[in-house]
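Peer 1: The lines below spell out each chain.
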Amino acid sequence: MFSFLLLKDKTLSMETEILARIQFAFTVAFHYIYPPLSIGIGLLLVIFESIYIRTKNQTYHKLARFWTKIFALTFGIGVVTGIVMEFEFGTNWAVYSRYVGDVFGSALAAEGIFAFALESGFLGILLFGWNRVKPWVHLVSTIGVFLGSMFSAIWIVVANSWQQTPAGFHIVGEGMDARAEITDFWAMVFNPSSVDRLTHVWLGAFLAGAFLVLSVHAYYLIKGKYVEVSKKAFKIALVVATVFSLGQLFTGHQSADGVAENQPAKLAALEGHFEASAPADMYILGWVDKENQEVSGIKVPGGLSFLLDYDFDAPVTGLNAFPEDERPSQINAVFQFYHIMVAIGMALIFLTLFASFLWWRGKLFDKKWLLWIFVFAVFLPQIANQVGWFAAEMGRQPWVVYGLLRTNEAFSQAVSDNQIMFSLILFFLVYALLFALFIYLLHKKIKHGPYEESESDDTPFGGTLTHMIN
Amino acid sequence: METFLGLDYPTWWFLVVGGLFSGYAILDGFDFGAGAWHLFLKKENSRRIALNAVGPVWDGNEVWLVIGGGALFAGFPVMYATMFSSLYVPFMLFLLFIIFRAISIEFRGKEPMLWWRKLWDICYSISSIMLAFLLGVVLGNVLQGIAIGENYQYQGGVLFEFLNPYALMTGFTTLSLFMAHGAIFLLLKTEGRLFAKLTRLLKRGMIFFMVSFAVTTLYTLIYIPHLSDDFKSNPSLFIIPLLTFLSIANVPRLAEKRKYKWAFLFSSLTIAFLLVLVAVELYPVLLRSTIDPMYNIDIYKAASSTKSLQIMMVIVAIGTPLVLFYTIFVYKTFWGKVKLDETSY
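As given, the protein sequences belong to chains C and D, one line each in that order. Heads up, the first sequence is in our numbering, so the first residue is 1 and it goes up one at a time. Heads up, the second sequence is in our numbering, so the first residue is 471 and it goes up one at a time.
Worth flagging that the hints you see were computed from the coordinates, not collected in a lab. Given the structure is predicted, the values throughout are model-derived calculations rather than measurements. Hints are supplied without guarantee of correctness; some may be wrong.
As the list claims (entries may be wrong) - Distance windows between CB atoms, simulated:
| hint | chain 1 | residue 1 | chain 2 | residue 2 | range |
| --- | --- | --- | --- | --- | --- |
| 1 | C | I22 | D | N634 | 27 to 33 Å |
| 2 | D | L509 | C | S50 | 42 to 48 Å |
| 3 | C | N408 | D | M471 | 32 to 38 Å |
| 4 | C | E15 | D | L794 | 42 to 48 Å |
| 5 | C | A187 | D | I677 | 55 to 61 Å |
| 6 | D | E472 | C | L426 | 40 to 46 Å |
| 7 | C | E15 | D | E661 | 47 to 53 Å |
| 8 | C | V300 | D | E472 | 18 to 24 Å |
Every residue, glycine too, gets a C-beta built ideally from N, C-alpha and C.
For reference, chain C alone in the conformation it holds in the complex (with noise of 0.2 Å):
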């Protein structure tokens, strides 16, 4: 299996540009798993500390201290695997990172130096500081640790965003010395998608702490365990995921409007719109035939051409106005990923209004069924996150800055198939393992609860040891 480090040739193919972007989209998607779920839990452990220094009611603290817990369980996979993404620019993408450095480079050194370092610095006092620092210290800190992991999202959506829609450069030089300089930074900043791209994302990331909040305690619920604490921690977090579920409506139209006007191709993906010039229908489910440039499902005649311009017949640019070699090649993919972010984002639309009305009713808790349901439902957000990406970014092909770049001269040429494949096995294992581990984790930390009468079954040598020290 090691033979081949001793080789010297390299073997460069299609397959190696192929194997580049599995690695790449494996590791990326099992990234982000991870921060969506410390930015969401973040935004409630500052509203259940905030109303415990408030109030002064032990619950709170009990439900800050144990969601903390499991936050940092979210936060310690997202550092390790996100140490992997920053380096993966370099060792398979050294094409890309010559080309966008210049630009890509201020956005990610604001990432490392205002967000993360911010995080990660306070990370320690919220974990293991309850007891070192004053109430409200904490709560500072709690608050930089979220406002860092909001500042992360900001400037890696920002990064992202100009690969969508490039703005504020130039671009200097020829052949393999061409790469874009930075000519505006704000425009940079600013560019036409970063805005509608980056509410979506923080939006998605609330919604997946608030439902995986949502998961645990109504899993307690039906338990009859821990019942006090979990229903005050499942009103709160159902105000956050009811706000936030609707809230994606408005960013997600606004993100399809920004799409239509900036990269027209990949519109025409979402919806399998072929035809260069003519009104799009909008599918509620579908299946795209590529060959015979057709799609079949349940649709809205118009629907896509109503929402863009409120007019059923105005004409939509299809993919056929692009040359071959200027669409994405994964047409159903597209279509499939976006239809199934936008029908699990009515879903939980229609899950949290349903639970509202009966908070409202006051029968909120009495339904069992409802609550096996939020118990699973934490499974929707997640995939939401995933399928929205995978639609983005394959919509986004075979660019890789659009327009600018493509995604087959990108890749490092001095990386092999046979290299790629060594590590993309080892990262497979080792994802497995982390994510095994975080698994475990969380059945443990979700077993054990929050109340800290326990704490020590948790480390049978804690106990008696903090005795002893103390």
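Keeping the supplied structure of chain C fixed, place chain D upon it in accordance with the hints.
Peer 2: Positioned in the frame of chain C, the structure of chain D alone reads:
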């Protein structure tokens, strides 16, 4: 070329990146070093205390890696792209050990079984050792140069080429340096018999470092002349190796007097001086080509545009005081000996 306070922007950014990497080496250096000693501590209690000494700070320390990597990407994209794609396998191994180490720290305390804890102790210690060693190997290859050809294309071997004698020497030197540094850090955090044990380990660590360092230095002077050229042409630069040696010599002296806080400071300074030495040896080249000097990547070839560097300098100027402020705040909060409580690992 535009300048700021007499230095051009790529040189400024070279200093920024150097500063960040020094910060990273000092900080993650002590927790890798502490991890490298882990298996030398035999008792469960000792291991827990050692682990909890780095518990609140290790991921904060790794942030410096992220910031340093980001700064390299931002300011010297050509260097970032070429170095990481050339040293692909060593960096992949580095990333995997980083993850493995984090997994070990988290997993270890979660089950009481002895075999479980031993398993993760071994993983934790080996990944700490490998991480320190791999950093040294990368440094050795950067100092020596690698086979870069036209269009920044690396043309050499995949893994064993990087494990050449010089890189192995710098690997061991880095490992031993971090081990001594980590032992001093643990001394600041422990008491009683564990403390006494660590004073003995520190002595061994310092001897390990002195020997590795002497061998590496001799080898550098004899076989890699290009690294000492700058010093020969500009004798005033000899102040740097002089300060480095004084700083190194000061560590055992202070340790002998049991002034461990000062010893830690000088151990940190030693790391910084050694990196300054590396920076002087390299400047203005970042990555030498062993094929032809015309393919060398220097800071001017590697740098982002002046405009971009100016923006990043502003970001750094605003951000650094903030980072320093809360880094100091966090370390102050957790200052003193480790006390295990219910939030411990």
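Peer 1: Hint by hint, say whether it matches the structure.
Peer 2: Evaluated hints:
no. : hint                        : result
1   : C:I22 x D:N634: 27 to 33 Å  : 32 Å, holds
2   : D:L509 x C:S50: 42 to 48 Å  : 45 Å, holds
3   : C:N408 x D:M471: 32 to 38 Å : 35 Å, holds
4   : C:E15 x D:L794: 42 to 48 Å  : 47 Å, holds
5   : C:A187 x D:I677: 55 to 61 Å : 58 Å, holds
6   : D:E472 x C:L426: 40 to 46 Å : 44 Å, holds
7   : C:E15 x D:E661: 47 to 53 Å  : 58 Å, violated
8   : C:V300 x D:E472: 18 to 24 Å : 57 Å, violated
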